[in-house]
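*Asks:* For reference, the chains in residue letters:
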Amino acid sequence: DTAVSQTPKYLVTQMGNDKSIKCEQNLGHDTMYWYKQDSKKFLKIMFSYNNKELIINETVPNRFSPKSPDKAHLNLHINSLELGDSAVYFCASRQQGNTEAFFGQGTRLTVV
Amino acid sequence: QQQVKQSPQSLIVQKGGIPIINCAYENTAFDYFPWYQQFPGKGPALLIAIRPDVSEKKEGRFTISFNKSAKQFSLHIMDSQPGDSATYFCAAAGMDSSYKLIFGSGTRLLVRP
Numbered sequence: 001d002t003a004v005s006q007t008p009k010y011l012v013t014q015m016g017n018d019k020s021i022k023c024e025q026n027l028g029h030d031t032m033y034w035y036k037q038d039s040k041k042f043l044k045i046m047f048s049y050n051n052k053e054l055i056i057n058e059t060v061p062n063r064f065s066p067k068s069p070d071k072a073h074l075n076l077h078i079n080s081l082e083l084g085d086s087a088v089y090f091c092a093s094r095q096q097g098n099t100e101a102f103f104g105q106g107t108r109l110t111v112v
Numbered sequence: 001q002q003q004v005k006q007s008p009q010s011l012i013v014q015k016g017g018i019p020i021i022n023c024a025y026e027n028t029a030f031d032y033f034p035w036y037q038q039f040p041g042k043g044p045a046l047l048i049a050i051r052p053d054v055s056e057k058k059e060g061r062f063t064i065s066f067n068k069s070a071k072q073f074s075l076h077i078m079d080s081q082p083g084d085s086a087t088y089f090c091a092a093a094g095m096d097s098s099y100k101l102i103f104g105s106g107t108r109l110l111v112r113p
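For the record, the sequence lines run as chains A and B. Take the first sequence: its position 64, counting from 1, is numbered 64 in my numbering, and each next residue is one higher. Take the second sequence: its position 103, counting from 1, is numbered 103 in my numbering, and each next residue is one higher.
It is worth saying that the hints were derived from the structure and are not from the lab. Take these hints with a grain of salt, some might be off.
Computed Cβ-Cβ distance ranges for the label pairs, DEER-style [said to hold, decoys possible]: (1) B:78 <-> A:98: 25 to 31 Å; (2) A:52 <-> B:3: 27 to 33 Å; (3) B:58 <-> A:41: 23 to 29 Å; (4) A:28 <-> B:87: 35 to 41 Å; (5) A:79 <-> B:57: 29 to 35 Å; (6) B:61 <-> A:105: 23 to 29 Å; (7) A:20 <-> B:45: 39 to 45 Å; (8) B:14 <-> A:27: 35 to 41 Å; (9) A:100 <-> B:68: 39 to 45 Å; (10) A:82 <-> B:3: 21 to 27 Å.
For every residue, glycine included, the Cβ atom is placed at its ideal position computed from N, Cα and C.
Construct all of the structure, not just a fragment, from the sequences and the given hints.
*Replies:* Shown next, in the form of structure tokens:
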């Protein structure tokens, strides 16, 4: 009954590969986010979607491409993975009109 | 303008102590100030939040104090317990930026039995 679920939880891959992380929320929210948490635990927003439309795109390399097939899903595709992409990626969701954001359990990406 | 500064980086208290974590912001457009708690291997979870129209908010053992003129806010944990050991993040957000959360750098709290 997880509210915001991400798959996979762990991902180990080689430099140069392309990988995707999936996120689904069953809260009926219309806004979803991707955040990146680096090795120093610093959390920074990457993208935000509202009703499948991109509304926030922070300064993120264009190797990162989010896709929202419907308002319950927000996936993150990363091309040509680099060592510096190693981090924990969190999906979050919020209902427009409310302020509380709910986070998934994270995907730990390790690029070797 | 978008930064949220958090201190201290780490904090150790004895059980029953009152750890205090401080945050400061610059952007006056922020109108929502949450605190998130994160345990190892888990996502951040909302603990308590405040709007700038009040100076204090209490929920259970957790209290936010807010000073609008100083652009500072802090988290107090009363009667702290070992189970409170976690990393705490302050954050700020505003309606003008679709409530994207700008996080502080985090405080690792250890409560000793």
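*Asks:* Just pull the numbers of the violated hints for me, sorted ascending.
*Replies:* 4, 5, 7 and 9
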